[in-house]
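Going down the list, the protein sequences come from chains A, B and C.
As numbered in the working numbering, residues 13 to 294 make up the first sequence, in order.
As numbered in the working numbering, residues 18 to 269 make up the second sequence, in order.
As numbered in the working numbering, residues 317 to 497 make up the third sequence, in order.
None of these hints come from the bench; they were simulated from the model.
Don't take every hint at face value.
If we take Cβ atoms under 8 Å as the criterion, some of the chain C residues that face chain B in the derived model are [to be verified]:
1. 332
2. 336
3. 340
4. 433
5. 434
6. 474
7. 487
8. 491
9. 492
Beta carbons: idealized from backbone N, C-alpha and C, even for Gly.
Residues per chain, in single letters:
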Amino acid sequence: MNMTRRLLAGMGLAALAAAQLRAQDGRQQITMPFRDPSMPRKLVVEGGTGSLTIRGYQGQDAIIEYTGREIPGANGRGRSGRNEPPAGMHRIGGSRGLDITEESNTVRVNSQNIFGGTARDMVIQVPAQTSVNVKTMFGGSMTIENISGDIEAENFNGQVTINNASGSVVAHSMNGKILVSLDRVAADKSMSFSTFNGDVDVTLPADTKARFKMRTDFGEIYTDFDVKMEANAAPVVEESKDKSGKSRRRVRVDGTQTGTINGGGPEMQFTTFNGRILIHKK
Amino acid sequence: MTCDQARTQMLGGGEGKDFAEHLESCESCRNEVSRIGTLWQSLDLLPMEEPSGQVRERFYEMLGAYRQGLASAEPRRAFQWWQMAAAAALVVVGLGIGYGVREDKSRPELVQLREEVASMRQLVALSLMQQQSASDRLRGVSWSYQVEPSDEEVMNALVTTVNHDPSVNVRLAAVDALRPFTGSPATHVMARNAVIQALPKQTTPIVQVALIDFLAELKERNAAPELRRLVSDPDIDSGVRKRAEWALERMQ
Amino acid sequence: MAEVSGGQVARLAVLFERHHRPLFRYFLSMNGNRELAEDLVQEVFFRMLRYRTSYDPAQSFTAWMYQIARNAGVDQARKRGTAQVVDIDTFVDRRAELVSASPDPEESVSRGQDLALLRRAMDQLPEDKREILVLSRFQGMKHEDIAEVLGCEVGTVKVRVYRAIRALEQIYFALEKEKAS
Numbered sequence: 013m014n015m016t017r018r019l020l021a022g023m024g025l026a027a028l029a030a031a032q033l034r035a036q037d038g039r040q041q042i043t044m045p046f047r048d049p050s051m052p053r054k055l056v057v058e059g060g061t062g063s064l065t066i067r068g069y070q071g072q073d074a075i076i077e078y079t080g081r082e083i084p085g086a087n088g089r090g091r092s093g094r095n096e097p098p099a100g101m102h103r104i105g106g107s108r109g110l111d112i113t114e115e116s117n118t119v120r121v122n123s124q125n126i127f128g129g130t131a132r133d134m135v136i137q138v139p140a141q142t143s144v145n146v147k148t149m150f151g152g153s154m155t156i157e158n159i160s161g162d163i164e165a166e167n168f169n170g171q172v173t174i175n176n177a178s179g180s181v182v183a184h185s186m187n188g189k190i191l192v193s194l195d196r197v198a199a200d201k202s203m204s205f206s207t208f209n210g211d212v213d214v215t216l217p218a219d220t221k222a223r224f225k226m227r228t229d230f231g232e233i234y235t236d237f238d239v240k241m242e243a244n245a246a247p248v249v250e251e252s253k254d255k256s257g258k259s260r261r262r263v264r265v266d267g268t269q270t271g272t273i274n275g276g277g278p279e280m281q282f283t284t285f286n287g288r289i290l291i292h293k294k
Numbered sequence: 018m019t020c021d022q023a024r025t026q027m028l029g030g031g032e033g034k035d036f037a038e039h040l041e042s043c044e045s046c047r048n049e050v051s052r053i054g055t056l057w058q059s060l061d062l063l064p065m066e067e068p069s070g071q072v073r074e075r076f077y078e079m080l081g082a083y084r085q086g087l088a089s090a091e092p093r094r095a096f097q098w099w100q101m102a103a104a105a106a107l108v109v110v111g112l113g114i115g116y117g118v119r120e121d122k123s124r125p126e127l128v129q130l131r132e133e134v135a136s137m138r139q140l141v142a143l144s145l146m147q148q149q150s151a152s153d154r155l156r157g158v159s160w161s162y163q164v165e166p167s168d169e170e171v172m173n174a175l176v177t178t179v180n181h182d183p184s185v186n187v188r189l190a191a192v193d194a195l196r197p198f199t200g201s202p203a204t205h206v207m208a209r210n211a212v213i214q215a216l217p218k219q220t221t222p223i224v225q226v227a228l229i230d231f232l233a234e235l236k237e238r239n240a241a242p243e244l245r246r247l248v249s250d251p252d253i254d255s256g257v258r259k260r261a262e263w264a265l266e267r268m269q
Numbered sequence: 317m318a319e320v321s322g323g324q325v326a327r328l329a330v331l332f333e334r335h336h337r338p339l340f341r342y343f344l345s346m347n348g349n350r351e352l353a354e355d356l357v358q359e360v361f362f363r364m365l366r367y368r369t370s371y372d373p374a375q376s377f378t379a380w381m382y383q384i385a386r387n388a389g390v391d392q393a394r395k396r397g398t399a400q401v402v403d404i405d406t407f408v409d410r411r412a413e414l415v416s417a418s419p420d421p422e423e424s425v426s427r428g429q430d431l432a433l434l435r436r437a438m439d440q441l442p443e444d445k446r447e448i449l450v451l452s453r454f455q456g457m458k459h460e461d462i463a464e465v466l467g468c469e470v471g472t473v474k475v476r477v478y479r480a481i482r483a484l485e486q487i488y489f490a491l492e493k494e495k496a497s
């Protein structure tokens, strides 16, 4: 029951159970089943450079499709597509550092490619009710669509886009916009949307009941919901000098703004350091 | 009073002059009282067994299922026990008056009820903060606002969350949730120290800024060395460094 | 089936938090089996939920609950046939470990043994004596409530409690002697 089935992608070992490798235009595809379709499913994606798309679909398995492309190494020079090895050396393994495993109904896709080399653009399809947990370190954009399970997404340098979600969303990017659209909000799920540099742009169904906690250090908050605000923090006027020595003023709202919609409900936190907060009514 | 009568009085509250008088004159009964009394007392020393956590889970699942109108008490997978506990605690708060007891704070039953609700909230907060799903842990952090600011256990759980939770969003929420604890005489010193110590442990800019803002609000001068270190560290994000500088100015 | 209102849910939840541990200990004292005790706790709360309309608010709640508890225990015993035989020694030794440490190691060892002995004596008490001791000493039930649960007079309760502790004392000293020899 506790067996881990490991697939080392690109090693060309056809004897791997339940895996189908298809090379097509430089695209590889691997199918990984969840062992128990009646139990909750989970997808965990870690690491990676390149864009990542996760899509819910009507099937049972996790289908991982990826395209390798060379990206410049640390010295800035691109390596040729033919991968010239250094004299007298040969390369081990095909797609290095991509591990796909399944254990206890959790499919784990792990790419640790930090130092240049192959960037992978990945498209992963999973059953819509799967819970998704994605953490990329140096990835590009991240898109998650049509998932009704719990979504947890962290991106380092890149936008996080979540569409047609109907479970819970907890999303963060260090540098990038958080763009989320929820079709349905479960009655008791807490959520959080945060970024250090970028806008937080969230769309919710008009009848959502929630308590908003909103905070932006440099930016404005906009919404078309009728938010019943709790005690408002007073704005703070900051004086600073810019590069030319000229005095600049910035109006900053100190602290978190709290308010409720439709009578209130579970908490939703919207946080950005440098950016706007936009909360749309669907 | 005869010896027989006296003996039966021993454990059922041996009051009354008759009983006391009898003891004075009857040595055998006196011995008996002391022996029985000792035995009675030592029963208290027997360790109390505790049931497993499953009992609570099953109970709330059953309650949930019952509410759904199922004839059998078959647990439904969708229900988490803490959801029922949380719902129950909320309803109890609302029902504080409707319990048939008038709003008289001296009534022991209402006080006991309040204590039970308080411990239930603590329980819910602590359990939620350990759940696998980030959304649940966020809920746990929200629940922590419902406990007394003197609640050390919950405060410690929040500090652990700030320092170790795998989700940035949960860590961020936990920083804010520590605010009430800095206002309580029982925990404010610990809370402040925890925030100071948390700062060097964080590497995520948004959490670093949240901690810096918190320290600035508290005018916590003990954090100054760490803030200065951040300002001069080139590896730290420039937004964070500026914030640390601003915080140092604010604390003058 | 009558709908369970939010208020009733809350009420039962509070009662659960307040009573499920002592109830568990009651069952554990009676049958010595943890799993069974937990099952019985569930059964009691289920019955209380189901038969909530039969509860008369004038009646003591604890009395009503323990009446249900005793019935549930009896029903269980009937279902399981003969009572389960528990290995008393392993049961007791484990408990001796749970005794809180005292600064004097020797004292704690001897105290541990005393308590182990005490526990054994409890377990060797006839069931009805053990029960009344548990209800009065551990559950801290008032005599009036115990009377209601057991279906006897209040005065009888006092006498029975006394007899129970006398019996416990005799068994305890007998065990002590046995040990010494």
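(request) May I ask you to test the interface hint for residue 434(C) with respect to chain B, counting a Cβ-Cβ separation under 8 Å as satisfied? (result) Cβ of residue 434(C) sits 6 Å from chain B, so the hint holds.
(request) Verify the interface restraint on residue 332(C): the C-beta must sit less than 8 Å from at least one C-beta of chain B. (result) holds, 6 Å
(message) Holds or violated: the hint that residue 340(C) contacts chain B, with Cβ atoms closer than 8 Å.
(response) Since chain B brings a Cβ to about 4 Å from residue 340(C), closer than 8 Å, the hint holds.
(message) Quick check on residue 336(C) please, does its C-beta sit within 8 Å of some C-beta on chain B?
(response) holds, 6 Å
(message) Would the hint on residue 433(C) be counted as holding, given a Cβ-Cβ threshold of 8 Å to chain B?
(response) violated, 10 Å
(request) Would you settle whether the hint for residue 492(C) is holds or violated, based on the nearest Cβ-Cβ distance to chain B being less than 8 Å? (result) violated, 12 Å
(message) Interface hint check: residue 487(C), Cβ to nearest Cβ on chain B, cutoff 8 Å. Holds or violated?
(response) violated, 11 Å
(request) Answer holds if the nearest beta-carbon of chain B is closer than 8 Å to that of residue 491(C); otherwise answer violated. (result) The hint is violated - residue 491(C) has no Cβ within 8 Å of chain B, the shortest such distance being about 13 Å.
(message) residue 474(C) was flagged as interface toward chain B. Is the shortest Cβ-Cβ separation under 8 Å?
(response) holds, 4 Å
Of the hints listed earlier, those the structure fails to meet are numbers 4, 7, 8, 9, in rising order.
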